[in-house]
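There are 2 protein chains.
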Amino acid sequence: MTAPWSRNLQRDRCGVLTVEIEHVDVATLEMLEQQGVDCQPKASTIRIIQDKYLQKVHFSQHAIPLPEFMQIEDLEGAKRAGDLFGYPLMIKSKRLAYDGRGNAVANSVEELSSAVTALGGFDRGLYVEKWAPFVKELAVIVARERDDSILCYPVVETIHRENICHIVKAPANVTWEIRNRATDVAYKAVSSLEGAGVFAVELFLTGDGQILLNEVAPRPHNSGHHTIESCYTSQYEQHLRAVAGLPLGDPSMKSPAAIMYNILGEDEGESGFVLAHQLIRRALSIPRATVHWYDKPEMRKQRKMGHVTIVGSSLGEVEEQLKAMLKEESSSYPSAVTPHVGIIMGSDSDLPVMKDAARILDMFAVPYEVKIVSAHRTPEVMFSYASSAWQRGIQVIIAGAGGAAHLPGMVAALTPLPVIGVPVRASALDGLDSLLSIVQMPRGVPVATVAINNATNAGLLAVRMLGIKDVDLLARMSQYQEDTKNDVLKKAEKLENDGWESYLNP
Amino acid sequence: MTAPWSRNLQRDRCGVLTVEIEHVDVATLEMLEQQGVDCQPKASTIRIIQDKYLQKVHFSQHAIPLPEFMQIEDLEGAKRAGDLFGYPLMIKSKRLAYDGRGNAVANSVEELSSAVTALGGFDRGLYVEKWAPFVKELAVIVARERDDSILCYPVVETIHRENICHIVKAPANVTWEIRNRATDVAYKAVSSLEGAGVFAVELFLTGDGQILLNEVAPRPHNSGHHTIESCYTSQYEQHLRAVAGLPLGDPSMKSPAAIMYNILGEDEGESGFVLAHQLIRRALSIPRATVHWYDKPEMRKQRKMGHVTIVGSSLGEVEEQLKAMLKEESSSYPSAVTPHVGIIMGSDSDLPVMKDAARILDMFAVPYEVKIVSAHRTPEVMFSYASSAWQRGIQVIIAGAGGAAHLPGMVAALTPLPVIGVPVRASALDGLDSLLSIVQMPRGVPVATVAINNATNAGLLAVRMLGIKDVDLLARMSQYQEDTKNDVLKKAEKLENDGWESYLNP
Chain A
1 MTAPWSRNLQ RDRCGVLTVE IEHVDVATLE MLEQQGVDCQ PKASTIRIIQ
51 DKYLQKVHFS QHAIPLPEFM QIEDLEGAKR AGDLFGYPLM IKSKRLAYDG
101 RGNAVANSVE ELSSAVTALG GFDRGLYVEK WAPFVKELAV IVARERDDSI
151 LCYPVVETIH RENICHIVKA PANVTWEIRN RATDVAYKAV SSLEGAGVFA
201 VELFLTGDGQ ILLNEVAPRP HNSGHHTIES CYTSQYEQHL RAVAGLPLGD
251 PSMKSPAAIM YNILGEDEGE SGFVLAHQLI RRALSIPRAT VHWYDKPEMR
301 KQRKMGHVTI VGSSLGEVEE QLKAMLKEES SSYPSAVTPH VGIIMGSDSD
351 LPVMKDAARI LDMFAVPYEV KIVSAHRTPE VMFSYASSAW QRGIQVIIAG
401 AGGAAHLPGM VAALTPLPVI GVPVRASALD GLDSLLSIVQ MPRGVPVATV
451 AINNATNAGL LAVRMLGIKD VDLLARMSQY QEDTKNDVLK KAEKLENDGW
501 ESYLNP
Chain B
1 MTAPWSRNLQ RDRCGVLTVE IEHVDVATLE MLEQQGVDCQ PKASTIRIIQ
51 DKYLQKVHFS QHAIPLPEFM QIEDLEGAKR AGDLFGYPLM IKSKRLAYDG
101 RGNAVANSVE ELSSAVTALG GFDRGLYVEK WAPFVKELAV IVARERDDSI
151 LCYPVVETIH RENICHIVKA PANVTWEIRN RATDVAYKAV SSLEGAGVFA
201 VELFLTGDGQ ILLNEVAPRP HNSGHHTIES CYTSQYEQHL RAVAGLPLGD
251 PSMKSPAAIM YNILGEDEGE SGFVLAHQLI RRALSIPRAT VHWYDKPEMR
301 KQRKMGHVTI VGSSLGEVEE QLKAMLKEES SSYPSAVTPH VGIIMGSDSD
351 LPVMKDAARI LDMFAVPYEV KIVSAHRTPE VMFSYASSAW QRGIQVIIAG
401 AGGAAHLPGM VAALTPLPVI GVPVRASALD GLDSLLSIVQ MPRGVPVATV
451 AINNATNAGL LAVRMLGIKD VDLLARMSQY QEDTKNDVLK KAEKLENDGW
501 ESYLNP
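Which chain is which? The protein sequence lines are A and B, in order. Quick note: the first sequence uses the UniProt record's numbering, first residue 1, plus one each step. Quick note: the second sequence uses the UniProt record's numbering, first residue 1, plus one each step.
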């Protein structure tokens, strides 16, 4: 029997059918597919994904790493699972589970029965998972074209509150190796499914660096909301491109960092709305924040009412801004302007030289900080300064030192940021000792060395580096070069007009 | 008499009233304002702007530079204006003029009469403008809050086809000084008006660097369409924030460059649609392009049917991609991956050293080019390479040279990009001559110098610099440092286990 409305979905009337949530009647989808309706992703994929147990079976058959799991049909089965996997034991509903619904934890054999009851009993279809000792939860949005070519979005970290996605950090603050491993698992997981579209792959990162699959959603996902502002192609446009058979867009980030904060209902009814609106007010004061309010008619505790995305030049910067947004009493917010350049020197005796770098940065309106950090006298300060600089939003470090000038090279060894070294002329050797100590770095750790005592050039070099991502700075640098040329031309003209003798003795 | 519907706009039912086009009945707006409806911008502003002659009078009273103009009421007046301003003479309708409608050019006194007729005769209200000998048309989107604080978007260049906006380049490829001047004029023009909202200020740049006001629109504008993808806050969101009394968002660019292309009707009816859809197909193949199709029911020649915005890391890059998109026969598009690093050297004898920089860039998957450019033997090549590198999308230059090593410094003098210098050991002095020739640059022109023969470090330094805008690269650099550490630790362990003697004689 064909449902009357399904005739309206014949190939000539419906170009393609996709889903925005996997909890749909998959039998109908399959019937439509048989009638020639183009479903993307395929009904087979929806069938696998909407049953979490089936999903685990599928992925384990495709050699995707995931926590151990087993089906349970009665309390005896649950106990056997507890003996096998230990406690805490995660018990899950096979179907209609999302945003933490359908999960229950039993901390001991005594809690098994109540956990099963909380999930509606064995008739609902339950299975257990071995507790994954994760240190972080990661996620990857994967886009798959009709021709099966695949593009992956950057790996993000997801932070949950009572099992509900609350904060997403993009990109995840994990090593390159972990990112690659997470992307590989996500790629393989989606490769094992059928059909085009955007898929969200949720992952566990364990303490020993393993990546385990948690679950897959066959659609745009909360972990990809940040892509609207932070990526060249949002997950929503990408999903439509994929299912419609259009070429995929670039999934990479156009902003170095983004943080997404879900506005979850704090309270029922009116008071919940008041709290949410206070939060939105504060979010609107952050210049690089975007507010999304879903305009749901009813406020409930823990309900997703909207979200805020803040983009910026480093995770440290956007985290600071989120922190300020969440302070209820805060009336002022850290500006988007955190220091971008750190000027450090081994001793205050270097300051008369190093001040020239600060002067240049002032001229170009680049925010900076100035600090004394000695490699030899305050090695711990140097260590913590260099290794935390990137997290704090510093983008270039200018380090000045004299004599056995170790500061620039040591700092370069402790940070992935570019380090500019200024050889300061010390008492002996006219600065050649400083220069060679700074420039002759071993393979692997570069220091961008400028001329002896020439902190002006260090400032200018920092501006040129920052110009890589800021065309305004690049244009200002061109203007600076033009102005310098005009200064010299003026002098040349004066010399021409006055003659060399009166030029020297005015 | 109060129109019956206007009662529905009383203060309690309508928070704020704004306009999306200035050609509205301003008398009604004024009446609503008197009744307490909050109009943003103010009716007074709409009244000034919708009459182009009144607009000119207003801005000239506020000392905003603009082309000379005068009202004309009959042919005699037009002739007097022609005598005064010369030909070609621009004749304009005072009202209902946009997208080139309402403009006519008289190239001589004989053409005056037909130009006036083309505009519907003197009864429509006409004025003339002295021809502005512009070299570029610029525009600035200006956002003004209710408290009169003002934020300006980056200056863009607009390119018109038959008086209709066709291409917008953001930011405009003009000097920093010109950008500042244009922003100043736009700021002053909007300051002279009343009410909140987004305003588009269209400007002429003349050959001698003057900025003249063309006209102002009191609303989001075609010259700001690119902001949807390229700026932290789009002009549309900004307008709503401004009129609703919310804090303004950041108007700066989150992508270094953007180009917007209006899809104008090429032909009436079906064949016009076919051409437009072919263009869209090609646009969709460009990974960082976004297509906006307005779904207007009718296709007409020169009608704005949609637009495409391409963002990228330099104007050169997005211009190349637009060019490819416009080639009808093109089947492949320049990828978003143009070389980001230029590796140049004075002689092929430097290649055995310089290859190490290329190896590092390969390892980090950074696109690069390798060229021989000699300061002394091919000064013209050096000059053109260095001065065009930025336009071509190069972001960092690595230059190697030996002996009297002038290449890095000379290139640095000709580009605003960061230049990394590699001193190559020549036959004499063990490379100290090369090192000092490269590092001891005068104030004003920095070269980031690395150790003698150490092109590996030059490659690593380039990666660190590019990491300023690419967190992936930064993470890979951290991983590289981690891997290097592990290599050394392995050697240390082997030495520990084997003892130093068997370590040396395995």
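These are computed hints drawn from the structure, not numbers from a lab. Heads up, some of the hints might be wrong.
Unchecked claim - Capping the alpha-carbon separation at 27 Å, the derived lysine-lysine pairs in DSS-like fashion look like this:
1. B:Lys136 <-> A:Lys485
2. A:Lys323 <-> A:Lys355
3. A:Lys94 <-> A:Lys188
4. B:Lys136 <-> B:Lys296
5. B:Lys327 <-> B:Lys301
6. A:Lys136 <-> B:Lys301
Unchecked claim - Some chain B residues close to chain A (C-beta under 8 Å, calculated; not the full set):
7. Ser60
8. Leu75
9. Gly77
10. Val109
11. Gly245
12. Asp250
13. Leu284
14. Ser285
15. Gly306
16. Leu351
17. Ile420
18. Met441
19. Ala451
20. Leu466
21. Lys469
22. Thr484
As the structure is a computational prediction, the values presented were derived from the model and not from experiment. Think of the CB as a built atom: it goes at the ideal place given N, C-alpha and C, for glycine as much as any other residue.
Here's how the hints hold up against the structure:
1. B:Lys136 <-> A:Lys485: At roughly 25 Å apart (the allowed maximum being 27 Å), Lys485 of chain A and Lys136 of chain B satisfy the hint.
2. A:Lys323 <-> A:Lys355: Violated: Lys323 of chain A and Lys355 of chain A sit about 33 Å apart, past 27 Å.
3. A:Lys94 <-> A:Lys188: Satisfied, since the Cα-Cα distance of roughly 23 Å is no more than 27 Å.
4. B:Lys136 <-> B:Lys296: Not satisfied, since the Cα-Cα distance of roughly 31 Å exceeds 27 Å.
5. B:Lys327 <-> B:Lys301: 20 Å, holds
6. A:Lys136 <-> B:Lys301: It is violated: about 57 Å lies between the C-alpha atoms, which goes past 27 Å.
7. Ser60: With a closest approach of 30 Å, the Ser60 of chain B hint is violated.
8. Leu75: 47 Å, violated
9. Gly77: Constraint on Gly77 of chain B not satisfied, violated at 44 Å.
10. Val109: This hint is violated: Val109 of chain B lies away from chain A, its Cβ roughly 43 Å from the closest one there, beyond 8 Å.
11. Gly245: 10 Å, violated
12. Asp250: Holds - the Cβ of Asp250 of chain B comes within 8 Å of chain A, reaching about 4 Å at its closest.
13. Leu284: 5 Å, holds
14. Ser285: Ser285 of chain B check passes; min Cβ-Cβ to chain A is 5 Å, inside 8 Å.
15. Gly306: 15 Å, violated
16. Leu351: 18 Å, violated
17. Ile420: 7 Å, holds
18. Met441: 5 Å, holds
19. Ala451: At about 5 Å, which falls below the 8 Å cut-off, the nearest Cβ of chain A leaves the hint on Ala451 of chain B intact, so it holds.
20. Leu466: Given a least distance of 7 Å, the restraint on Leu466 of chain B holds.
21. Lys469: 3 Å, holds
22. Thr484: 5 Å, holds
Hint check: violations occur at hints 2, 4, 6, 7, 8, 9, 10, 11, 15, 16; the rest are consistent with the structure.
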